[in-house]
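One line per chain: the protein sequences are A and H, in this order. For what it's worth, our numbering labels the leading residue of the first sequence as 2, then goes sequentially. For what it's worth, our numbering labels the leading residue of the second sequence as 2, then goes sequentially.
Some clues are possibly wrong.
Same chains, same names: a pair is fine if it fits in one copy or spans any two.
Derived DSS-like pairs: lysine-lysine, alpha-carbon spacing no greater than 25 Å straight-line [stated by the list, open to error]:
#1 Lys24 with Lys4
#2 Lys24 with Lys12
#3 Lys82 with Lys59
These aren't lab readings, by the way, just hints derived from the structure by calculation. Please read these numbers as outputs of a predicted model, since none were measured by experiment.
Protein chains: 2
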Amino acid sequence: MLKHNSYFEGKVQSVGFERNGRKLTAGVIDVGEFHFNTDAAERMTVTSGELLIRLAGKSEWRSYPAGTAFEVAAKSGFDVKAEGPSAYLCEFL
Amino acid sequence: MLKHNSYFEGKVQSVGFERNGRKLTAGVIDVGEFHFNTDAAERMTVTSGELLIRLAGKSEWRSYPAGTAFEVAAKSGFDVKAEGPSAYLCEFL
Numbered sequence: 002m003l004k005h006n007s008y009f010e011g012k013v014q015s016v017g018f019e020r021n022g023r024k025l026t027a028g029v030i031d032v033g034e035f036h037f038n039t040d041a042a043e044r045m046t047v048t049s050g051e052l053l054i055r056l057a058g059k060s061e062w063r064s065y066p067a068g069t070a071f072e073v074a075a076k077s078g079f080d081v082k083a084e085g086p087s088a089y090l091c092e093f094l
Numbered sequence: 002m003l004k005h006n007s008y009f010e011g012k013v014q015s016v017g018f019e020r021n022g023r024k025l026t027a028g029v030i031d032v033g034e035f036h037f038n039t040d041a042a043e044r045m046t047v048t049s050g051e052l053l054i055r056l057a058g059k060s061e062w063r064s065y066p067a068g069t070a071f072e073v074a075a076k077s078g079f080d081v082k083a084e085g086p087s088a089y090l091c092e093f094l
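Could you put together the complete structure from these sequences and hints?
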């Protein structure tokens, strides 16, 4: 069963699903800067556009254009900035 | 602004957005078989899982695993089958 998620007054929205016992979401991040905390570790693959990411405890922003991916540790978090609406696939690890 | 779309009693859901004047959606297709009609031509890129596609007027089903894409003509349509929930990026051309 699919599940619609909406955060930050609809500026981040995703559709959650499960396959082979693994949880994933496919979503979109609108223009802006947002903070997410992680419970499980996750791999975020940018599928359209570009995301700027600052992992918890880091001062540096890194750029992840479409086709690239980054991983976030469990019980951690990250700041994300989008200069244009950008799509991602999130796999919970 | 992002827009949530839901079709087939929630078995196909997507988040629509616009970038550089082009419309896109990031979505998920749950297990099942569905038919979509196109207004504009579109390119569908499978971002997770696998979709089986039969374009309008064809008898053959073709497989599109994650990382591959297919295009559908304007004012046409296609049948899509998912054996596991699968994610896609749709770009309206």
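Do the hints match the structure? See the list:
| no. | hint | in the structure |
| --- | --- | --- |
| 1 | Lys24 with Lys4 | both (11 Å within a copy, 23 Å between copies) |
| 2 | Lys24 with Lys12 | both (22 Å within a copy, 16 Å between copies) |
| 3 | Lys82 with Lys59 | within (15 Å within a copy, 43 Å between copies) |
The structure meets every hint from the earlier list without exception.
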